[in-house]
Amino acid sequence: MDQPSALSPDLIGRESEVVLFELERGAIRKFAEAVQDQTPECLRGDVAPPTFPTTFRITIPGLTYDLARVLHGAQEYRYERPLRAGDRVRCRVRVADVYQRKGRLGEMTFLILVMEGRDESGTSVFTGTTTAILR
Amino acid sequence: MIGPVLPARSDQELDRGSVLPDLRKPPITKVQLVKYAGASGDYNLIHTDDETARSVGLEGVIAHGMLSMAFLGDYLCWLAGPESIRRLSVRFVEMVRPGDTLTCRGRVKEQTTGNAGRQLVLELWAENQRAERVTVGEAEVHLA
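Here the protein sequences line up with chains A and B, keeping their order. Numbering-wise (this note's numbering), the first sequence opens with residue 32 and increments by one. Numbering-wise (this note's numbering), the second sequence opens with residue 1098 and increments by one.
The set of hints was computed from the structure by calculation and includes no laboratory data. One or more hints might be untrue.
[What the hints assert, rightly or not] Straight-line Cα separation of at most 16 Å, EDC-like style, residue types lysine to aspartate or glutamate; simulated pairs:
(1) K1127/B - D41/A
(2) K1132/B - E72/A
(3) K1206/B - D1139/B
(4) K61/A - D1139/B
(5) K61/A - E46/A
(6) K1127/B - E1148/B
(7) K1127/B - D1146/B
(8) K61/A - E48/A
(9) K1127/B - D1139/B
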């Protein structure tokens, strides 16, 4: 097996395609049930729980790493409004930053990914920022 | 207690430093991690397969960090209502394992009142049964 090479700062600015996600009531309910959410609107599948955009999985061409070596360091979501069943959201992810830092576990690579979700009129609905740490 | 909890509270009750009611979640089980993997699309096997987890130096499977963030999202919906959430930011600081019981807690960091209503910045965290903070963060809500 090849050793995964360290991610390079050359990746900064690289973007995914725009991907359309349609929010299905059943998927919202399944997510709410899995996290034992108690919010009635979420359990009914009307409103998506705040972390639901984590289900929007998009890959960025050229960005590969060993999943078992990744730690999720931090996550942020900003919302203009909640996502609801029936929403059609167009999302894109970009590499906002890549940097190395020495930590407890030695040299680590920090990868910052930013996802933007827009409604069909092009208005921003949410922004998700992921900090992944590769050890 | 039926939510949302905060809109009914007075400005004084939501002063900087006010302690929020807590929310204890049921113990995390391996079945929940499998369900969460399916519902979220995070199929990283360190969350569902002990062998894979051990192969990277863990004692066994660990919970998805995002599961603890989802708990804080649930907490926030209960506190403020799902329509009022503007931001949720967290850092994952400790690992969570099956059998752990997380309790969500919080405190008011900032309260501002304007024409659009009240805006609150909340300090939130999830702690385990040993009172260790495993996921810590901050949220912003607008109460109408």
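Cross-check of the supplied hints:
Between K1127/B and D41/A, the direct Cα distance comes to roughly 39 Å. Violation of the 16 Å bound is thereby established for this hinted pair. Only pairs whose Cα atoms come within 16 Å are accepted, and K1132/B paired with E72/A is rejected, the gap being roughly 20 Å. Of the supplied pair hints, the one linking K1206/B and D1139/B is violated, its CA atoms being roughly 32 Å apart against a limit of 16 Å. Taken as a hint, the K61/A and D1139/B pair is honoured in the structure, with Cα atoms around 14 Å apart against an allowance of 16 Å.
Between K61/A and E46/A the CA atoms are separated by roughly 30 Å; this puts the pair beyond 16 Å, and the hint is violated. About 14 Å separates the Cα atoms of K1127/B and E1148/B, which keeps this hinted pair within 16 Å; it holds. With a C-alpha separation of about 9 Å, the suggested pair K1127/B and D1146/B falls inside the 16 Å cut-off, and the hint holds. For the hint pairing K61/A with E48/A, the CA-to-CA distance comes to about 27 Å; that exceeds 16 Å, so the pair is violated.
Simply put, K1127/B and D1139/B have alpha-carbon atoms about 14 Å apart, close enough for the 16 Å limit, and the pair holds.
Of the hints listed earlier, those the structure fails to meet are numbers 1, 2, 3, 5, 8, in rising order.
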